[in-house]
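Undergrad: Single-letter residue listing:
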Amino acid sequence: MLDLVWLIPALPLAGFLIILVLGRRLGEPRSGYLATLMTGTAFVVTVGVFIDLLSKTTEERAHIKTIFTWLPVGNLKVDLAFLADPLSITMALFVTGIGSLIHLYSIGYMHGDPKFSKFFLYLNLFVFSMLMLVLGENMLVTFLGWEGVGTCSYLLISFWHTRESAATAGKKAFVTNRVGDWGFMVAMFFTFQAVGSLSYAPLNEAARSGSIAQSTATVIALMLFVGAVGKSAQLPLYLWLPDAMEGPTPVSALIHAATMVTAGVYLMVRTSPVLAIAAWHWAPWIVAGIGAATALYAATIAVAQNDIKKVLAYSTVSQLGYMFLAVGSGAYVAAIFHMITHAFFKALLFLGSGSVIHGMNGEQDMRKMGALRKLMPITGFTFIIGWLAIAGVPPFAGFWSKDEILLFAWDKSPILWGVGLVTALLTAYYMTRQVIMVFYGKARWDDHAAEHGAHGDTHPHESPWTMVTPLVVLAGLSVVGGAIQLPFSATTKRLESWLEPVIATSERPLKSGSEDIKWVLAGIAVLIGVAGIAGAYVVYSKKKVKAIEPAVLANAWYYDKTVSDFMGGPGRKSFEFIAWFDQRIIDGAVNGAGRMVQGAAGVVRKGQSGLVRTYAALIGLGAVLLIAWFVFRGVAQ
Amino acid sequence: MIVAAGTFTAPSIDWFALAPLLVLLVGGLVLLVTASFTPQWPKHLYAYATVALGLAAMVVAFVQWHAITRDGPKLLVGNAVSYDHFSMFGIITICIGLSLSAMVTDDFLRREGMEGPEIYGLYLMAAVGGIVMVMSNDLIVLFLGLETLSISLYVLAASNRRRAESQEAGIKYFVLGGFSSAFFLYGIALIYGGTGSTNFNRILTAFDSVPLQRKDSLVLVGVALLLVGLGFKVSAAPFHFWAPDVYQGSPTPVTAFMASVGKAAAFAALFRVFVVALPNWKDDWRPVVWVLAILTLLVGSISAVVQTNVKRMLAYSSISHAGFILIGLEAAGHSGASTRSGMPSSMMYLMIYSVLVIGTFAVVAVVGRTGDGATDLGSFRGLSRQKPWLATALTVFLLAQAGVPLTSGFIAKFGVIEAAVDEHSYALATIAMVSAVIGAFLYLRILISVWLADAEVGDEKREAMHIPISTGAAILLCVGFTIYVGVNPEWLIQASDRVVLVAVPVVGG
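Protein sequences, first through last, are from chains Y and W.
Numbered per our numbering, the first sequence spans residues 1 to 637.
Numbered per our numbering, the second sequence spans residues 638 to 1146.
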């Protein structure tokens, strides 16, 4: 079964190709079912590989399947190969599992869209790329997937490109992601330079044995982190993720919550020895610091958002910050654990919000909702489970993973722990706020409809079965997901023993003092969560206290605005300055061409008057500079 | 050195070794002469004849490649021409470019109502010039090739008499090209003055002879002028100004020819001169190449971002590709011709890029429709709905130009950056990656128009897009090559590794 690991990405690829060729003929809903079937089958294969791996001893749990040798040059040999080990299979399991559910959900959600089959075309391509990313045996295969998911994300954000905002959002996602890609590329070349290979195994081995210079390891680790910051929307490159909500909601759930944005975390875990062992000791501090800062920063913004999806988007940024806090604190198991539970409850929340938006005929403003619990019972019920999970209420999944991260953060530094705790408080607060605004209180959609008259009659209704089924499944997982890693004893830490071959050497051991007070810390975390919920209840349900939603938070600290003002103003100017000569020439050539139609004589005149002379002068100037340099070399002897 | 006419003995000539050159030269002349005495040939025949000549020359080059592998490289015609793997690799690249361009040109000319043998004759002559440049082992010979190529290109650029833009492109190219040739020629004169010869071997060995100092200003200024002249031909910044205007104005298949054959020949000449003849001055020219490479990369990728015409965008992208190849030259400037990666990776880059650029421009030629005017970004909107396969092919080319893995473009970029990293040119490698990152924006912008946008209002009133057979075949070949090399690059990398065995060191001064 292990040798069939190549089938996992091949199935969605096949789906992509079939829809590419036959998409129009298949139409709705058949292309949707085909895409779902392909991803679902990939999930089944992954489960098979998983079971096969389980039956092996710990040392044997890494299987490399080489498809062919891609770049065999001199000392560099790069294979197109897949690596089936506990980490990659864990990732593949939830990529294909949650992916299938979201495919199914999309069949209902995208119903009636004129580009129905194109949507599934991109979706399958995305799943394929994501699987290449996680299953890649070396950085190059991962990079291929990395670029692929970026492109798909870009295409899917701009899917409804007729909306101006969607096109702009796509562009923003692309640009910020490229900064991250650059980091990845640089890391790749330094790795090649230092280790002579791009495979993960030799890199990690070199990091463990100390045969790689500390400075080089630090550069590699930090450049990989730059890549991760771009992909996983951390400060200062998080900008694109809230805007990415312009895409269809299933895309937000799949790409911008459950899978793609966690690629950065995956990468850091995959190369964990480089950061944890080989790099200078301050390097993990940077990762933890940025993670904690992002977690807190995004949580404060989420408090004041009114768009149902924007709240979840900032919440995602914040939770990803948690994961990087875990990576920086050396809690690699906790990072993966939180990634999994987060994938469950955040996908659930996004799909739930999509169901709400669907039922509300496209309305996304929470101020125009309320009391939807009764009209959309299943959506409401499952959303509430997602809320409990993210708010950190035991025994739901989010509690366990968040708790473990906080424990390691405490162990690293009480300051990090404090930041994490405040974030937890805010998380509970804004999620409660959201649940109250959407599902409880007074129905406000009629008021607004009456006020504006434009919306006409809004009749919220429950969604079709294709949409509701995934909600129920994900709700179930959000309840029991924590069971894969319970902190009671070594045997209940199933995820830890499963991932052991991958992260054993880089996981930071806890100080004994921290281990002793872990239940105290857990108790504090629960109290904080409850406090957040109670606070929001008082403010939004009882309305005893006036809500604090300052404009500075609603506008995300004006960071986005500052950046776009710069890029629109001085930044764009500098671009244009560089293109200045050519700008002039465009005008000259275009205007000139218009006039030149009059006759060939005009061509000659135009050709000799000004423009060519300018070019020649610039070439001459360049020549003078070059000659000056060489003469200087001659004289300087 | 002046030889009295009476005592002049012609050098012996190994005719077989010059066969690729002769095939194209004789074929071109026969084509032109026969065509002018016979009435209009049947459809396709001019193009087929050109393709056949190109393929024939290529086959001969392959045979010679193996002969060289067996017998080793040598110098011909009084040491003025070198017969080595480098030459053959360049010749094969030029022949590929020639044949593919001719396939694209065929339908284009019929559509524009300009059918005739002249363009093909000029292509063949330009290719002959290019081959002379690639094989040259003497500055004068190189200059002859350069002028043969350039003059053909000037005329080709202006060959669409009905479009003012084409005329403008021709004139601009001619004036500026003449200007740069003057620099080049003056550079030859100074080198001759400083070293006493124009022959690469002699220039190389002159360095060791007692009277010549490395810091001889005469030679150094000569090196500077040669760099200006060749820098212009490869469109390296700041000598790139002609390229956007000329690329945009020329008939689209001619642009493809220029960007492939023209660029390949000019870069091959650049390597011949600097790596083979002037390695002793490498510490002087390498920093300059370093600066030129960075300028070229940044100008190319940044300026491309603000363009709205696809041909112009591709012109800037071609400038940025030139920057990448200059990285290879810089790397070769560290350890001369003996370095494994600088020269081979650049030559491989040229071959890969030639195929890519012809494929891309072939698609542009189809989308441009009669009049060759519909080349602004708007004309590409909704292409995926009208011609899905054409859109797919364009996607492959653009992704490859952006350097996405599993395409040939990735192998090319990876090669030169690896060469830079090998020589510890980290700054250059990093800037190259930055510019690759910026440049990708341009390609994706085109792809967004192709795949996501709806067709322009009024587009349905335009004539329907028509993909003729030979253009379609050319596009298919280019796609095949791009993907095949991307997936299985081993043979090409190994072949290109051989180009470092140039003929010069074999024959002493």
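You may find that some hints are simply not true.
To give a feel for the contact side, a few chain W residues facing chain Y, derived at Cβ under 8 angstroms [unchecked claim]:
hint, residue
1, Leu669
2, Thr671
3, Glu755
4, Leu1089
Rough simulated footprint, nothing fancy, chain W against chain Y, three-plus residues with beta-carbon under 8 angstroms [stated by the list, open to error]:
hint, segment
5, 144-156
6, 178-187
7, 624-631
It should be emphasised that the hints constitute simulated quantities derived from the structure, not laboratory data.
Since we're looking at a predicted model, the values are computed, not measured.
Glycine residues also receive a C-beta, built at the ideal position from the N, C-alpha and C atoms.
Undergrad: Now tell me if each hint is right for this structure.
TA: Hint by hint, here is what the structure shows:
Annotation: leucine 669 of chain W was flagged as interfacial toward chain Y, and the flag is violated, the nearest CB pair being 25 angstroms apart, outside 8 angstroms. Hint status for threonine 671 of chain W: violated, given a least beta-carbon distance of 30 angstroms to chain Y, over 8 angstroms. Here the hint on glutamate 755 of chain W is broken, as its CB sits about 18 angstroms from the closest CB of chain Y, past 8 angstroms. Hint status for leucine 1089 of chain W: holds, given a least beta-carbon distance of 5 angstroms to chain Y, under 8 angstroms.
Under the rule that three or more residues need a Cβ within less than 8 angstroms of chain W, the assignment of the segment 144-156 of chain Y holds, with 5 such residues. Counting residues of the segment 178-187 of chain Y whose C-beta lies closer than 8 angstroms to any C-beta of chain W gives 6; at least three are required, and the coverage claim holds. By the rule of at least three residues with a Cβ nearer than 8 angstroms to a Cβ of chain W, the coverage given for the segment 624-631 of chain Y holds, with 5 such residues.
Hints 1, 2 and 3 from the earlier list are contradicted by this structure; the remaining hints agree with it.
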